[in-house]
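Top line first, the protein sequences correspond to chains U and L.
Note that my numbering gives residue 117 to position 117 of the first sequence, counting from 1, and the numbers run on in steps of one.
Note that my numbering gives residue 159 to position 159 of the second sequence, counting from 1, and the numbers run on in steps of one.
For the record, the hints were derived by calculation from the structure and aren't laboratory data.
Since the model is a prediction, treat every value here as computed from it, not as a measurement.
We treat Cβ as the ideally placed atom computed from N, Cα and C, and that holds for glycine.
Hints may contain errors.
Said to hold, decoys possible - Here are the in silico distance ranges between beta carbons for each label pair:
| hint | chain 1 | residue 1 | chain 2 | residue 2 | range |
| --- | --- | --- | --- | --- | --- |
| 1 | L | Asp67 | U | Arg75 | 19 to 27 Å |
| 2 | U | Ala67 | L | Arg143 | 20 to 28 Å |
| 3 | U | Ala97 | L | Gly91 | 30 to 38 Å |
| 4 | L | Ser42 | U | Asp21 | 47 to 55 Å |
| 5 | L | Ser172 | U | Ala88 | 38 to 46 Å |
| 6 | U | Ala87 | L | Ser172 | 32 to 40 Å |
| 7 | U | Ala67 | L | Gly91 | 25 to 33 Å |
| 8 | U | Thr92 | L | Arg143 | 53 to 61 Å |
| 9 | L | Gly91 | U | Ser85 | 44 to 52 Å |
| 10 | L | Arg143 | U | Val77 | 26 to 34 Å |
| 11 | L | Gln86 | U | Leu114 | 54 to 62 Å |
| 12 | U | Glu5 | L | Ser42 | 55 to 63 Å |
| 13 | L | Asp41 | U | Asp21 | 14 to 22 Å |
| 14 | L | Ala27 | U | Thr2 | 47 to 55 Å |
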Amino acid sequence: MTCEECLSELATGSLRELPSDSAVMQHCATCPDCSRLTTLLRDREYEAATVLNNLPPMSNPIAVAEASVLTAHRRRVGGVVVMLSGAALVVTIWFTAATLIFPAMRGNGPMSTLLTETIPLSCLSPQQAADIVDPYLRTHGSLYFIPTSGISALTVRGTAAQLRKSKDLIREFETDPGAACRNPTAGLRAAAKMDADLRQGAPVLAGPPSEKVPTAPKKH
Amino acid sequence: MAPNRFGKRGRDPGPSATVYRDRTTWAIDAQLASLASSGDDSAFTTLVTRFHPAVFRWALMFASDPDEAEDITQEVFVRTYRQLDQYRSDGPLDAWLYRMTRRAATQMRRTRKRRGRLALSPAAQPLRNVYTTDPGGRVDRERAASLIRELFATLPRRQREIFDLVDLQGFSPVEAAERTGMKPVSVRANLFKARKAIRESLLATHPAYRELSR
Numbered sequence: 001m002t003c004e005e006c007l008s009e010l011a012t013g014s015l016r017e018l019p020s021d022s023a024v025m026q027h028c029a030t031c032p033d034c035s036r037l038t039t040l041l042r043d044r045e046y047e048a049a050t051v052l053n054n055l056p057p058m059s060n061p062i063a064v065a066e067a068s069v070l071t072a073h074r075r076r077v078g079g080v081v082v083m084l085s086g087a088a089l090v091v092t093i094w095f096t097a098a099t100l101i102f103p104a105m106r107g108n109g110p111m112s113t114l115l116t117e118t119i120p121l122s123c124l125s126p127q128q129a130a131d132i133v134d135p136y137l138r139t140h141g142s143l144y145f146i147p148t149s150g151i152s153a154l155t156v157r158g159t160a161a162q163l164r165k166s167k168d169l170i171r172e173f174e175t176d177p178g179a180a181c182r183n184p185t186a187g188l189r190a191a192a193k194m195d196a197d198l199r200q201g202a203p204v205l206a207g208p209p210s211e212k213v214p215t216a217p218k219k220h
Numbered sequence: 001m002a003p004n005r006f007g008k009r010g011r012d013p014g015p016s017a018t019v020y021r022d023r024t025t026w027a028i029d030a031q032l033a034s035l036a037s038s039g040d041d042s043a044f045t046t047l048v049t050r051f052h053p054a055v056f057r058w059a060l061m062f063a064s065d066p067d068e069a070e071d072i073t074q075e076v077f078v079r080t081y082r083q084l085d086q087y088r089s090d091g092p093l094d095a096w097l098y099r100m101t102r103r104a105a106t107q108m109r110r111t112r113k114r115r116g117r118l119a120l121s122p123a124a125q126p127l128r129n130v131y132t133t134d135p136g137g138r139v140d141r142e143r144a145a146s147l148i149r150e151l152f153a154t155l156p157r158r159q160r161e162i163f164d165l166v167d168l169q170g171f172s173p174v175e176a177a178e179r180t181g182m183k184p185v186s187v188r189a190n191l192f193k194a195r196k197a198i199r200e201s202l203l204a205t206h207p208a209y210r211e212l213s214r
């Protein structure tokens with residue numbers, strides 16, 4: 001074996017698996033350079049193994065065990081707290097979404113934009129129309145405006161759903177053929193009949209009215 | 001006491017270079033783990049006492065100094081306490097602990113990188129030298145730290161681990177493969193590269209080295 005071959009072997013071979021009858025060791029017996037190098041390498045590895053394998057930990061195992069148990073308990077509690085916080089956060093997000101965001105996206109929530117629309121009236125007076133829609137415009141800052149100049153219309157400000165409801169209601173009353181506004185004497189005759197009934201002591205609501213009193217058409 | 005893995009050269013690896021090969025010891029450790037996982041704190045203390053030196057030794061390989069190895073060791077046992085019920089007794093407990101040490105060391109290294117800036121601040125420096133009461137221990141630890149830096153500083157983590165397992169702790173490449181989850185071929189390749197890198201500076205002192213390196 002030459003020095004080059006010996007070096008090549010020493011570069012990557014296991015130094016612990018070098019029996020005395022191996023080619024490297026036999027070459028080392030005759031070559032002082034390779035012998036010195038082999039000894040150096042083996043001593044260095046031996047020293048490293050000795051230092052690292054014999055270095056004891058400074059901490060006491062019982063203290064380590066106690067600290068481990070305490071820390072593990074603390075982390076478990078921390079995990080539960082984090083989990084509960086996460087659950088609370090999810091519930092909060094869900095509640096906020098259910099009460100604010102989704103209704104707003106559907107267009108009837110408090111965050112939805114208010115629209116203004118003027119509803120023309122052909123039969124009802126603005127005050128009558130206002131009386132009809134007033135109960136439906138009590139939320140979300142909704143309003144109605146009665147024109148002061150005598151124009152027969154009602155301006156409503158509200159959400160899209162409120163506007164739709166207002167228009168439907170007004171349309172129902174406006175299209176009712178028996179509405180008082182379409183038959184001006186009907187209302188007067190009904191009032192006179194009621195007055196006469198009261199004078200005769202008859203119950204006001206007993207018996208069918210002689211003339212149809214304007215009422216809202218029944219919904220089917 | 002664990003069998004001597006340096007038997008061929010008669011080296012005693014000391015109490016920290018573990019562990020066992022026989023199934024009887026596996027069974028005893030499995031029983032200990034079972035007791036500890038069922039809430040028996042004294043069994044857990046026994047388990048820690050038994051594996052503390054071994055885990056510290058493994059942690060040394062992943063750490064940059066013995067202090068970091070102590071932190072890794074503590075972290076390993078915290079995780080052990082929490083996850084001991086996941087240990088299946090079909091394999092040796094020391095191999096399971098070794099894998100846990102690897103994971104803990106990897107995670108701690110990432111955490112330390114993130115907190116690196118904080119550690120440089122004066123407020124983060126220790127108030128006193130913890131080794132003043134044990135000068136001998138301090139010397140040993142400084143020696144170990146310099147050795148780790150000298151031997152392993154330039155090696156990739158995997159080569160460093162394989163070199164330490166095979167050449168310093170005395171495991172065979174097959175055993176090292178089982179512990180690290182690598183293929184034996186990969187273990188041998190990493191070992192080859194690690195040895196070459198570590199021995200290169202000493203080999204360069206040989207007069208024939210230049211001719212060889214050509």
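Right, here's what the structure says about each hint:
A hinted range of 19 to 27 Å for the beta carbons of Asp67 (chain L) and Arg75 (chain U) is consistent with their spacing of about 22 Å. In this structure the supplied range 20 to 28 Å holds for Ala67 (chain U) paired with Arg143 (chain L), their Cβ-Cβ distance being about 27 Å. One distance hint, 30 to 38 Å for the beta-carbon pair Ala97 (chain U) and Gly91 (chain L), is violated here, with the actual separation near 48 Å. At roughly 53 Å, the beta carbons of Ser42 (chain L) and Asp21 (chain U) sit within the given window of 47 to 55 Å.
Checked against the hint of 38 to 46 Å, the pair Ser172 (chain L) and Ala88 (chain U) fails, with Cβ atoms roughly 54 Å apart. In this structure, Ala87 (chain U) and Ser172 (chain L) break the distance hint of 32 to 40 Å, their C-beta atoms being roughly 50 Å apart. Taken as a hint, the range 25 to 33 Å holds for the pair Ala67 (chain U) and Gly91 (chain L), whose Cβ atoms sit roughly 27 Å apart. For the hinted restraint 53 to 61 Å between Thr92 (chain U) and Arg143 (chain L), the CB-CB distance of approximately 57 Å keeps it satisfied.
Against the hinted window of 44 to 52 Å, the Cβ-Cβ separation of Gly91 (chain L) and Ser85 (chain U) comes to about 37 Å, which falls outside the hint. Distance hint check: the CB atoms of Arg143 (chain L) and Val77 (chain U) are about 41 Å apart, inconsistent with the given range 26 to 34 Å. In this structure the hint that Gln86 (chain L) and Leu114 (chain U) lie 54 to 62 Å apart at CB holds, the actual value being about 59 Å. In this structure the hint that Glu5 (chain U) and Ser42 (chain L) lie 55 to 63 Å apart at CB holds, the actual value being about 59 Å.
A C-beta distance of roughly 55 Å is found between Asp41 (chain L) and Asp21 (chain U), which places it outside the suggested range of 14 to 22 Å. Range check, Ala27 (chain L) to Thr2 (chain U): about 53 Å between beta-carbon atoms, so the 47 to 55 Å window is met.
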